[in-house]
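For the protein sequence lines, the chains are R and C, in the order given.
Those letters in the first sequence? Residues 169 to 322, by the numbering used here.
Those letters in the second sequence? Residues 68 to 510, by the numbering used here.
Since the hints were derived computationally from the structure, they do not count as laboratory data.
Cβ coordinates follow ideal geometry from the N, Cα and C atoms, glycine included.
Careful, some of the hints might be misleading.
As the list claims (entries may be wrong) - Stretch by stretch, here's where chain C covers chain R in the computed footprint (C-beta under 8 Å, at least three residues):
#	region
1	170 to 178
2	184 to 196
3	199 to 211
4	260 to 272
5	309 to 322
Claimed, not checked - The calculated PhoX-like cross-link candidates involving lysine-lysine, where the alpha carbons are at most 25 Å apart (straight line), are:
#	chain 1	residue 1	chain 2	residue 2
6	R	Lys187	C	Lys340
7	C	Lys254	C	Lys478
8	C	Lys342	C	Lys143
9	R	Lys187	C	Lys478
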Amino acid sequence: MVELIDEIRAVADRYPERKSAVIPALRLAQEHYGYLTSEAFREVAAALGTTPAYCRGIASFYDMFELEPAGAHTIEICTNASCALVGAAQVLEAFERELGITAGETTPDGRVTLRSAECLGGCGRGTVVAIDHRYREPVRPEDVPAIVEELRRG
Amino acid sequence: MAKTASPVLVLAGAEAGDLRALEDYRRAGGYASLEQARKLGSERVIAEIKESGIRGRGGAGFPMGQKASFIPAPEKTAKPIYLVVNADESEPGAFKDREIIERVPHRLIEGMQIAALAIQAEACFIYIRGEYLTGSEIFAAALAEAEAAGLVGIPITVHRGAGAYICGEETALLESLEGKRGQPRSKPPFPALVGLYDSPTLINNVETIATVPKIIELGGAAYAKIGVAGSTGTRLFSLSGNVVRGGNYELPHGTTFRELIEDCGGGISEGRKLKAIIPGGSSTPILGADQIDTPMDYASMEKAGSFIGSASVIVIDDRACMVQLALRLTQFYMNESCGKCTPCREGTRWLEMILRKIEEGRASRAELDLLLDVCDRILGNCLCPLGDSNAMIVASYVRHFRAEFEAHVEKGGCPVAATSSLTGVRSPVDELYRGRVGQEAAL
Numbered sequence: 169m170v171e172l173i174d175e176i177r178a179v180a181d182r183y184p185e186r187k188s189a190v191i192p193a194l195r196l197a198q199e200h201y202g203y204l205t206s207e208a209f210r211e212v213a214a215a216l217g218t219t220p221a222y223c224r225g226i227a228s229f230y231d232m233f234e235l236e237p238a239g240a241h242t243i244e245i246c247t248n249a250s251c252a253l254v255g256a257a258q259v260l261e262a263f264e265r266e267l268g269i270t271a272g273e274t275t276p277d278g279r280v281t282l283r284s285a286e287c288l289g290g291c292g293r294g295t296v297v298a299i300d301h302r303y304r305e306p307v308r309p310e311d312v313p314a315i316v317e318e319l320r321r322g
Numbered sequence: 068m069a070k071t072a073s074p075v076l077v078l079a080g081a082e083a084g085d086l087r088a089l090e091d092y093r094r095a096g097g098y099a100s101l102e103q104a105r106k107l108g109s110e111r112v113i114a115e116i117k118e119s120g121i122r123g124r125g126g127a128g129f130p131m132g133q134k135a136s137f138i139p140a141p142e143k144t145a146k147p148i149y150l151v152v153n154a155d156e157s158e159p160g161a162f163k164d165r166e167i168i169e170r171v172p173h174r175l176i177e178g179m180q181i182a183a184l185a186i187q188a189e190a191c192f193i194y195i196r197g198e199y200l201t202g203s204e205i206f207a208a209a210l211a212e213a214e215a216a217g218l219v220g221i222p223i224t225v226h227r228g229a230g231a232y233i234c235g236e237e238t239a240l241l242e243s244l245e246g247k248r249g250q251p252r253s254k255p256p257f258p259a260l261v262g263l264y265d266s267p268t269l270i271n272n273v274e275t276i277a278t279v280p281k282i283i284e285l286g287g288a289a290y291a292k293i294g295v296a297g298s299t300g301t302r303l304f305s306l307s308g309n310v311v312r313g314g315n316y317e318l319p320h321g322t323t324f325r326e327l328i329e330d331c332g333g334g335i336s337e338g339r340k341l342k343a344i345i346p347g348g349s350s351t352p353i354l355g356a357d358q359i360d361t362p363m364d365y366a367s368m369e370k371a372g373s374f375i376g377s378a379s380v381i382v383i384d385d386r387a388c389m390v391q392l393a394l395r396l397t398q399f400y401m402n403e404s405c406g407k408c409t410p411c412r413e414g415t416r417w418l419e420m421i422l423r424k425i426e427e428g429r430a431s432r433a434e435l436d437l438l439l440d441v442c443d444r445i446l447g448n449c450l451c452p453l454g455d456s457n458a459m460i461v462a463s464y465v466r467h468f469r470a471e472f473e474a475h476v477e478k479g480g481c482p483v484a485a486t487s488s489l490t491g492v493r494s495p496v497d498e499l500y501r502g503r504v505g506q507e508a509a510l
C-alpha cells in the first residue's frame, strides 16, 4: 500500500512550488483518516515542509474539509436562490424527516451527515442534491425516502 | 437591434450528445484550430482574438485580446509565463462552465493550448471548483486522451478547489493555487505582470477559453459579426428558477430575456406570473418584470441598471417574497466573505442581521434606512467585488420592491409568509451560527 506521505509528495511534484499541493494533500489526508485529525495535519505539514498550524489555517478556510468526524455519507442540499425558488426547503425537510435529524447534524449511527449547501452549479435542474459529492438533479421531496433507503443499505 | 442568425459555437457538435471522446471531438472538426494556430503563431493568434472583440465570460467582461497583450514577451521577463483557467464557477445561478467541462472538455483543452501558445506560456493550470468532482474526472480523462495523442504541447495541471466562492475572484484564485487561503490581492499589480508565483499570468474563464478555437476557425472579423456591437459572439445563458425548461442556451448577445425565457425556457412554470429577473447571476442588481424585453448585452444591461455578469438568468415568479430572497442571498455573501476587508466582513453580517429582523417583523422604519446606509458603507471600500455585490443587490431589491420591505416593517412580519415560495428556506449560515442571539443585541 502506498503511504500517505508518498502520495502527497507525488502530487506536490506536479507543481512548480510544493506548497501549491496543500489542498490536494489535505484532501488525500481526509480520505485516509475520514476527517482531518491532528495526526493528518502533522503528516501533511511534514510532507510539504510547512507547519500543522498553517495546514489547519488552510483547512478551516475551505468548506469541503472536515475538521470533526462526519458521517460515512454526506447529503448536501442546495438551498440557494434557484433551488430555493423550486422547493429546496421542502426537499431539505423531507431529508430531515426521513433521517430524524436537523440539517447540520449526523445520524446517531454515524452513517449520514445532512447539510444545506450554497449553489452547487446545477441551477437549471433544481433542487440539486449532492450525495458524497455526486449530484442528483432534480430531486423532489417524493424522491427522498428511496435515496435515504439506498444510503442505509450501502 | 439587428441580430444575425443564431450559430452554436461553444457547444457545437454536442447538440445530439456529449463530445467527451477525442474521436468524437475530432469528427466534429476538433483540434483543427490548434493546428491552424500553430501555423499562425503567437502574434497573429492574439490579433485574431483582439479582432473578435471577445470579452471575458466570467463576469467582469474585460476584453480577452487586450488582457493577453498585457503579457510580456518571454524575452522581456525572467520568469515563466502561465495560463490559468478559472473553472471555479460558484456564482448562484451559473452552471455553464460545468456544462462545457462535462460536454465539450476537448474544446476547452484545445482553447487552452491555443491561448497558451498565444502568450507563449510555459505551463497551464485549470482551477476547478471542488464540488465539481464528476466534472474534474471527465476533464482529466479527456486530458489524458489528448496527451496520449500528442496534442498537449504545453502541459496542463488540473487543480481542484475545496469549496470557497471567493476563489472565483482571479487574485484569490491565484492565492489558493499557491496553497494559501483564497483571499484577494490588492491590484495593481495585475496578474498579467505579477500573477501565479509572481509570474506573468493570463487568467480567463472556461467559456472564454472554450470559445477561442471557434474564433480561430471563423477568424476574428467573422466572429465579431455575431451578436451586437460591443458584445460580440454567442453566450451560454444559464436559465433557472421558475421556468418550465431550465438549462444552458447558447444564443447571440442581444437576445432578449423574453426570447430566452419564453422561446427557449417555455415560459414561467405552473402558469404563474413573472415578478422579477436576476439577470447575470446572484451578484447583479435585480430587474422588474417590465424589463423582460431588455436585450442581453453589455450596454443594454447597464442601461437597464444592471450587468450581464455571468449571463445567469434566474426567473422569479409572483409567489416569492423579495425580503426572503434578499436575506437568503445575503447569507450567501456573508458566509463566503473571506474576511480580509472590514467593510465586507462586517457589512455583510450587518445586512444579514437587519434583513432577518425585517423578515421576522422585528425591525423599525429606521432600520430600513440603516440597511441602505450599510450598503453605502460597503460599496467601493473593498479589494474585490464580493461585498459590493451584496450591497448593490440589496439596494436594488429595496429600490424595485420598497413597498414589500415597508409592509414587513408595518405589518410586523412577512405579509405573504403563508404563500411565498421561499418560506422556510435555510442556508449554511443557519447551521454555522445557531443561537447567535447575543450578536443582535448590537443592533
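For each hint, the structure was consulted:
{"no.": "1", "hint": "170 to 178", "result": "violated (count 0)"}
{"no.": "2", "hint": "184 to 196", "result": "holds (count 10)"}
{"no.": "3", "hint": "199 to 211", "result": "violated (count 0)"}
{"no.": "4", "hint": "260 to 272", "result": "holds (count 4)"}
{"no.": "5", "hint": "309 to 322", "result": "violated (count 0)"}
{"no.": "6", "hint": "R:Lys187 x C:Lys340", "result": "violated, 53 Å"}
{"no.": "7", "hint": "C:Lys254 x C:Lys478", "result": "violated, 46 Å"}
{"no.": "8", "hint": "C:Lys342 x C:Lys143", "result": "violated, 55 Å"}
{"no.": "9", "hint": "R:Lys187 x C:Lys478", "result": "violated, 55 Å"}
Consistency with the previously given hints fails for numbers 1, 3, 5, 6, 7, 8, 9, ordered from lowest to highest.
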